[in-house]
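Engineer: Each chain is listed here by its residues.
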Amino acid sequence: MKKISLHSNLMVVALSVTTFFLLSTLISVALLGRAEAADIEAGRQKAQVCVSCHGAGGNSEIPDFPALAGQTAQAITTALYQFREGNRKNAVMSPFAANLSNADMNNLAAYFASEKRLTPTHVSSAEALAQGPDMAKKYNCVQCHGPLLLGQQHIPRVASQQHAYLLAQLKGFKAMTRADMDGNMSSAASVLNEKEIEILADYIAGLNR
Amino acid sequence: MHFRRSVLALSLMSSVLALSHLSAHAQKPGDPPPAWKQGMSAESESSALHPFNPIFTGTEAKDLQIAKLKVPAGFKVEVYADGVPEARSMTQTENGTLIVSNRLAKNVYAIVDNNGKREVKTILRGMSAPNGIAVIKGNLYVAERDRILRFDNIEKNLDNMPGGKVVVDGIDPTNGPGHFWKYLVAGPDGKLYFNIGSPQNITSPNQMQAAIFRADPDSGQLERVATGVRNSVGMAFHPVTHKLYFTEHGRDWLGDDVPNDELNVLNKEGESFGFPFCHQGDIADPVYGKYNTCAQSTPPILKLGAHVAPLGLRFYTGKMFPAEYKNNMFIARHGSWNRNTKQGYDVMRVVLDGKGKVVKYEPFLTGFLTDEKADPPMWGRPVDVQVIADGSMLVSDDYNGVIYRISYSKDAKIAKLN
Chain A
1 MKKISLHSNL MVVALSVTTF FLLSTLISVA LLGRAEAADI EAGRQKAQVC VSCHGAGGNS
61 EIPDFPALAG QTAQAITTAL YQFREGNRKN AVMSPFAANL SNADMNNLAA YFASEKRLTP
121 THVSSAEALA QGPDMAKKYN CVQCHGPLLL GQQHIPRVAS QQHAYLLAQL KGFKAMTRAD
181 MDGNMSSAAS VLNEKEIEIL ADYIAGLNR
Chain B
1 MHFRRSVLAL SLMSSVLALS HLSAHAQKPG DPPPAWKQGM SAESESSALH PFNPIFTGTE
61 AKDLQIAKLK VPAGFKVEVY ADGVPEARSM TQTENGTLIV SNRLAKNVYA IVDNNGKREV
121 KTILRGMSAP NGIAVIKGNL YVAERDRILR FDNIEKNLDN MPGGKVVVDG IDPTNGPGHF
181 WKYLVAGPDG KLYFNIGSPQ NITSPNQMQA AIFRADPDSG QLERVATGVR NSVGMAFHPV
241 THKLYFTEHG RDWLGDDVPN DELNVLNKEG ESFGFPFCHQ GDIADPVYGK YNTCAQSTPP
301 ILKLGAHVAP LGLRFYTGKM FPAEYKNNMF IARHGSWNRN TKQGYDVMRV VLDGKGKVVK
361 YEPFLTGFLT DEKADPPMWG RPVDVQVIAD GSMLVSDDYN GVIYRISYSK DAKIAKLN
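From first to last, the protein sequence lines stand for chains A and B. 1 is the number of the first residue of the first sequence in my numbering; add one for each residue after it. 1 is the number of the first residue of the second sequence in my numbering; add one for each residue after it.
To be clear, the hints were calculated from the coordinates, so they are not data collected in a lab. Yeah, the Cβ is synthetic: ideal placement off N, Cα and C, and Gly gets one too. Any given hint could be a false lead.
To be verified - Below, in silico cross-link-like pairs of lysine-lysine (DSSO-like), each with a Cα-Cα straight-line distance of 27 Å or less: (1) K303/B to K357/B; (2) K137/A to K46/A; (3) K117/B to K303/B; (4) K70/B to K89/A; (5) K373/B to K137/A; (6) K46/A to K62/B.
What the hints assert, rightly or not - The following residues of chain A were derived to be distant from chain B, with all beta-carbon distances above 10 Å: (7) Q48; (8) A109; (9) G146; (10) R178; (11) A188; (12) E194; (13) N208.
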């Protein structure tokens, strides 16, 4: 939340990306012109605002903003719903979610889920590479997020997620300030100490390089 | 009372022993496992089973696989309302307005008739796990995770709900993860009945946990009417005997086929239903079973299946269904996550004889479960059952945010037979 001013500046920079995106979207819609592609295409249209922070195609380049490319659709609708209804609160995100209908959310989710997550910029430390894999098993990350931490259904893909975002979420779950499903993540994070949270976030953010 | 005290003493002892037992699989010395993993055996440590979650943004009626649903001959199932996020508990005002609640979606909804069109109206916002709802004398009671609130004269105030008045608070003993949501039902005595679940999968509960309580809606006074109930998220009073029937979720991680979830009936106030010592009436818990035998608790009247997650139950008191359905019980089985091959995801019919003995347990609404080995295995999950004024039956589905209506017509049955 302290990055609001940074966000506004980057928004200006990102406008050129958005313009490019808008054009390519219009072209692809014209070329495809298929009714059954409506979900993803409608999502792509609606996503023009999102990509200014979350990056082109949802490949965020800003540490505090999560990548959405290749995220599971249900994890995205869950997050959007929670921002709209107030389960999750964020000064930047909440106002954007406030005006989205359920159909908008489903379309946005279908679009971002269909995009490919590019190679992350984060490079894991040697310590994280050495300890991360065992820690992800020991602390039950892989039980729900999957062996490669790519997520499934409502359980988000965390592999190659933005490092700062991962850190903030894990700390939030541990502090029980981050909205959760029946407290499962808070429960999992409750036993992690600060150092372990750092190692896990460092390791997970650098996956798939 | 003396008996209960000795049980509590034993529970304390057993929790100390349980901690030392669990430390064999613990992550760091002294670290408790996460709530969902608690009580997991060494063999199931590598399990990849995971909970399911509702699609909060819902599924539109046109996108549902409704043709897959099956009901007995003569019955018909259709969508009654969509766009009801995480539709779970249902209740009705005296005028028949349907109120729908949920566990995670924070809002409470009313489904009203707007010039012949059904409309989903948000009547309360920003609630904390408002799963329990009941109506007494025109007032709506909502059980949040830590308190019960009263909203006066709701039928007249659907568009502008008054502030809630606290009836009971302090009913979230842990303020942590695990079974914090409540089911609420109005008793024939005009009082409120609700559960407080076990804070974990298998643990020694304190006096405010793993129990069913009665609250006086006027004074807020609490009485514990049943103990040893791991978590009950479905209760109903028999229309003739006025006895309290309730579903109960069994513990996880004892295997795919045990223990069974339970259908219980309360015959004597204060009786214990076994948790954490005894499961399904005849299986001693591997840890806690040493401290109390199954003979010391009341067994279920029906084993509902292992990990089927039974939720809402209702007695059929309408006039639309054939006579044989009168006072039958219907149980929504939300479906398992803690089982390698999935089962449940249906509504079951239970027939009791004149003495309250179960004589039939059979499927009534099926078809949500499409592939027991797939992930997810289902496209919908029944939560609660409600009989409405015309005698038809509503079933809520939190996965899709949808309510279905099941109706009966003799003509439809004849047509089908021909």
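Engineer: Would you mind marking each hint as holding or not holding in the structure?
Structural biologist: Verification of the hints:
no.	hint	in the structure
1	K303/B to K357/B	holds (13 Å)
2	K137/A to K46/A	violated (37 Å)
3	K117/B to K303/B	violated (41 Å)
4	K70/B to K89/A	violated (42 Å)
5	K373/B to K137/A	holds (24 Å)
6	K46/A to K62/B	holds (23 Å)
7	Q48	holds (20 Å)
8	A109	violated (8 Å)
9	G146	violated (8 Å)
10	R178	holds (12 Å)
11	A188	violated (4 Å)
12	E194	holds (14 Å)
13	N208	holds (20 Å)
Hint check: violations occur at hints 2, 3, 4, 8, 9 and 11; the rest are consistent with the structure.
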